[in-house]
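With the sequences and hints as input, model every part of the structure.
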Amino acid sequence: MTVQELPGAAAYRPTPPPAWKPLTNPAPLLPDPEPYRVLGTAAVADADPELLLRLYAELVRGRRYNAQATALTKQGRLAVYPSSTGQEACEIAAALVLEERDWLFPSYRDTLAAVARGLDPVEALTLLRGDRHTGYDPREHRIAPLCTPLATQLPHAVGLAHAARLKGDDVVALAMVGDGGTSEGDFHEALNFAAVWRAPVVFLVQNNGFAISVPLAKQTAAPSLAHKAVGYGMPGRLVDGNDAAAVHQVLGEAVARARAGGGPTLVEAVTYRMDAHTNADDATRYRGDSEVEAWRAHDPIMLLERELTERGLLGEDGIEEARAAAERMAAGLRARMNADPVLDPMDLFTHVYAEQTAQLREQAARLRVELDAEQGQDGTSGAGDGR
Amino acid sequence: MTVQELPGAAAYRPTPPPAWKPLTNPAPLLPDPEPYRVLGTAAVADADPELLLRLYAELVRGRRYNAQATALTKQGRLAVYPSSTGQEACEIAAALVLEERDWLFPSYRDTLAAVARGLDPVEALTLLRGDRHTGYDPREHRIAPLCTPLATQLPHAVGLAHAARLKGDDVVALAMVGDGGTSEGDFHEALNFAAVWRAPVVFLVQNNGFAISVPLAKQTAAPSLAHKAVGYGMPGRLVDGNDAAAVHQVLGEAVARARAGGGPTLVEAVTYRMDAHTNADDATRYRGDSEVEAWRAHDPIMLLERELTERGLLGEDGIEEARAAAERMAAGLRARMNADPVLDPMDLFTHVYAEQTAQLREQAARLRVELDAEQGQDGTSGAGDGR
Amino acid sequence: MTTAAMAGERTDRVKPATMAQALGRALRDSMAEDPTVHVLGEDVGTLGGVFRITDGLAKEFGEDRCTDTPLAEAGILGTAVGMAMYGLRPVVEMQFDAFAYPAFEQLISHVAKMRNRTRGAMPLPITVRVPYGGGIGGVEHHSDSSEAYYMATPGLHVVTPATVDDAYGLLRASIASDDPVVFLEPKRLYWSKAPWSPDAPVEVEPIGRAVVRRPGRSATLITYGPSLPVCLEAAEAAVEEGWDLEVVDLRSLVPFDDETVAASVRRTGRAVVVHESSGFGGPGGEIAARVTERCFHHLEAPVLRVAGFDIPYPPPMLERHHLPGVDRVLDAVARLQWEAGS
Amino acid sequence: MTTAAMAGERTDRVKPATMAQALGRALRDSMAEDPTVHVLGEDVGTLGGVFRITDGLAKEFGEDRCTDTPLAEAGILGTAVGMAMYGLRPVVEMQFDAFAYPAFEQLISHVAKMRNRTRGAMPLPITVRVPYGGGIGGVEHHSDSSEAYYMATPGLHVVTPATVDDAYGLLRASIASDDPVVFLEPKRLYWSKAPWSPDAPVEVEPIGRAVVRRPGRSATLITYGPSLPVCLEAAEAAVEEGWDLEVVDLRSLVPFDDETVAASVRRTGRAVVVHESSGFGGPGGEIAARVTERCFHHLEAPVLRVAGFDIPYPPPMLERHHLPGVDRVLDAVARLQWEAGS
Ligand SMILES: Cc1ncc(C[n+]2csc(CCOP(=O)(O)OP(=O)(O)O)c2C)c(N)n1
Ligand SMILES: Cc1ncc(C[n+]2csc(CCOP(=O)(O)OP(=O)(O)O)c2C)c(N)n1
Ligand SMILES: [Mg+2]
Ligand SMILES: [Mg+2]
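Here the protein sequences line up with chains A, B, C and D, keeping their order.
First residue of the first sequence: 56, per this note's numbering; consecutive thereafter.
First residue of the second sequence: 56, per this note's numbering; consecutive thereafter.
First residue of the third sequence: 950, per this note's numbering; consecutive thereafter.
First residue of the fourth sequence: 950, per this note's numbering; consecutive thereafter.
There's no promise every hint is true.
Stated by the list, open to error - Computed from the model, here is a short list of chain D residues facing chain B with C-beta under 7 Å:
no.	residue
1	T1028
2	R1064
3	N1065
4	V1088
5	A1143
Simulated from the structure, these hints should not be mistaken for laboratory data.
The C-beta atom is built at its ideal place from N, Cα and C for all residues, glycine as well.
Structure (structure tokens):
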């Protein structure tokens, strides 16, 4: 085919290819060059003192919750606990920023966010105690099941937010994921769907520096995880994850934007996991004390406490009160976790399908016989023998 | 815990979180705001006339190849053909930009790139004729099998490039994918691995406007697909995919960068699929003639032919010569594709494992008996009965 | 349940329809009846799907009800999970069998388990439609028989129609199910025709019932989906050899209808399982084993299996050698040790 | 082949070692012997893997040989494919059974098929190590028995050790294989111990041979991996009941050693397949079916199956009720219709 034969050839002028136009202006999508901060900066003047005090009380409670849950693993009351010590500002802000009708999609590390949102801490911990997979009805507090397969909860959040919008409901979904989780294909697909559908969803990446032993530099070469937003056509926000006021503000803006129909936002909160990956992990294998110490000097509770005390909003009394409240919560949790859960092995067959299949009925009958025999043998009940 | 108890508390100053620093400077990663062009712009002055003439001959041949393959589907000689008519500039540039020792990772649409790299067109088409999955030895021309599961070839390219570098070999891998394929998780994971490993790989996205019937706007909300590069910490380049000189230049720079140890590049070439998705598709269901016509006025052959004729590098003779060469190729292809392939059904069992398992030996023996019986019945050979 | 009850007013025009049309009509009627039914997938909207099963749905119900998604199967199924969590009833189309694999983690770790892990609080009424199997001359990755993967996953229902009637009825029942269903559509039967009226009430069995498609006394052919026509043809051909074969169409692999299958085999004393999926680790092993467990003392011969070879699906020009045909079925029947018994 | 031949000079210090140690040693010896062997996965480098199987490899061979990858299983396996295409011999670690699912498409559509689709030109000598099964008190998604998925996929070898010796020998053989191997490591046997010397030559059978772990005359227990100790214990307990049970350890699910298994069942006339994977659609169906096909006239009773229930893997506190134990095995043995025969 020659130029002469092509229709429109004579009219040809050097122009960009016909269909191409940028879908979005990239400039506003780019995150700040540095993590956004409120505490210790001029921005703090605009922060609501009541909110700061509320955040403080929750941070203190959250830290105590993490410590208590870790202690429960040592006492054999929890099989395992992935602590969010050091990351409380993210956990608490994520919980507080949502309305009751909104939905939270936590990862396996985020029991604290779920608890701060109102979930009974015992219910939040059944997964890690080992008696139930999801110890609560997700619809009650609109908290999706704690999600272990990394990043798989993100498309769920998008689908739920999309469904809510289709139904005309004013609901935002906030989904939490770790820095490591951003490498999974599901992260990519979720963000893309969210942006194309303009779904009211906020993605909060807690960049705590590690995926188990793997440091961020082996996870990504991106300028920041927040920069990934650009590739989906959504704004990326970079925030100091240990600055509770900043995380709350940035998430709040993202939630408001989603609620107003502005679509999704990707928020990267830069924080640090002070404890090991879980109680079963040995963090000394992959990081040094000095790094941990450097982060201790940037502790989220300390940052907020200093701000509040310096501004005269918090005194020794207030600090004491927050501590005491946290102790009460911990004592309650301890007491309740000291009881053995009562389990019925026959439950194995109850929620596989809406109706039990003939095969499961058969299998259940066989287990029933075994349990009855056990009971006959040792005089104990087959049911409720949890551990 | 109070601020007083925290070590280092007194030393606290508002600083960014300790471990945070941008891994890369994002600015150089951003693509041009408009697709880069050479033809019809000042940049063409730097283009090598010989290269332009070579590209022209290949484009003409490529277009003819596409037309011939499509014709073969109508004659029942090919089961199906996904044409790259309109996208020849990308296909040809991808093939020409590589050294012999480099590797090409084509998608299912890219038989033309494989052929331009030296693969026998008949071998390239066996997959679509239906007699072989991969009709060639990938090591011969260093062309990976044409890949149908979308985006799954991208991590292969990364792994191969990485392996070559580990072995100390100077090898670059160029992987091709469509706009639709960028939505798959494997795209994300491949780009991330490539950037983290600084693998010598170039990703070429042919944004031809559609994934079967789905237009780009339903595929992504990104400013451009090239902007996705930022999120991986690699440069993104946006290029006019119908400008063969521009695609060649941009890919060439990316290959050179990879070869020099600079790591991967994502190139988005904006182009258009002039034919339907395959011969089996009905494109009128999802796009109008006017759009197709607009792109016809931006035809890659026309753009280059005009440039070459205006600059006096190409005359009627040259055009005729290119056409004639293309016709010869087509005639040869036609003739060779007119022969029925001779197949041996016993081959079903030969390359499942390095050594046949006992089970496969049994199954092969059973088929042997069947084939012998068939042969006995109708006097034809069980083998070589292709269709 | 009758489909009349499910789909509202109907009249009585019976004319030949294809399985593809019946599937499309089932989607349409489900969407018309239940506003929470949403269809999503690649090319399902404007194009009506590459097999045209969803043709017209976007037009009739809008793009929010029948949505062209980005090209990412895990994303499609993953967002469907979220939609179901919010009370919708998503019907997902996977474009081809092998292209459902990217969604495997979502399917296994979430779709199959969500009801169980939330102790009934969060059922996921998702239907995953998967065109499956070979015989249509498809190039590689377009002809996989992936049913074994789904069968091995507790929490999923696995349903596959073999007739035009069942295509309609089983798809309606699957969408109505409160559990996730992997709905396997035998590609090569898409264009099979049968007299069928979209407007006539059809008696639809609930999911989980096999059906005897042809009664017989000599032996039972146990099959499903794409292999049903092969078995019926084999049964006709067997008459000449003096065998009166019973043909059971499973329709649902999970739950499995042990009762119907075992009753048949107890009657006939011999059985062959027929499917085009690879034999090793395929559905036939499970079926043969459970039939044997239940009918051992009635069996005159071991339950035999006729299946695709244990090889990756071959190129189109060789597929006829791979797919079980009438001859292979009759061969297996001949090996049922006829001397020993009847 | 002997491992001495494979691993170079050895001396003779036999002391108890765990399966985890033997696996680690197999990796080390493979890497020492063959510079094309590369280990990659999540946390395999600095940490030495969450089960510490790869401990020390990064230190000894450098991070290029034992690489901490980004957290993305499809990416890990997909890049391993590319590495194998260039002549390397990658050993991929999946952190847990359920976390191999994101790599399913790469495994099914590429790893299993590449040799076949390139007609032998591009074999992929990749070993995919998957810690699998329950019994370690893991929370959800950490205890799946996923072997049925792999068995149903032609082109893969599926290997699983049950002893310390085999952990070493089979992993060496798997890495040396020119075909892709899914190497299933029974998590709950990681800390099982046996006298074993890394320096003593061990006779390693090539992949594909089952072994009789305990000879017996009354009935055959067919098992593999995590269920072998259960079967051996059951066989000991059965002596009291007057049953002399033979125990066959399959070691390789693909290829399947029909010869050894059928020979045993022909001798004993009765068989029970034992595994912790769910029963329906699990490996037991295939095994029972093929044993029955081969041994029908020797069987006094149908081949029975003892398996995990057809449910999603339960929470840790209930797993003991799910996992087949000695009692369930003996129960099944008791149902082998002892009146009927011997
Ligand atoms: C799909 C998948 N792969 C692997 C794992 C095992 N795993 C659990 S946590 C973890 C690291 C997660 O790192 P990150 O996302 O940064 O979250 P963090 O633990 O830091 O909160 C890994 C690899 C998993 N849960 N899911
Ligand atoms: C994993 C996967 N899902 C779905 C398909 C079916 N399919 C084949 S081509 C195609 C569209 C591809 O679009 P794009 O990536 O833009 O490439 P193009 O066809 O435009 O070259 C689809 C959905 C596939 N091949 N692989
Ligand atoms: Mg992390
Ligand atoms: Mg395209």
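The hints, checked one at a time:
| no. | hint | verdict |
| --- | --- | --- |
| 1 | T1028 | 3 Å, holds |
| 2 | R1064 | 5 Å, holds |
| 3 | N1065 | 5 Å, holds |
| 4 | V1088 | 24 Å, violated |
| 5 | A1143 | 30 Å, violated |
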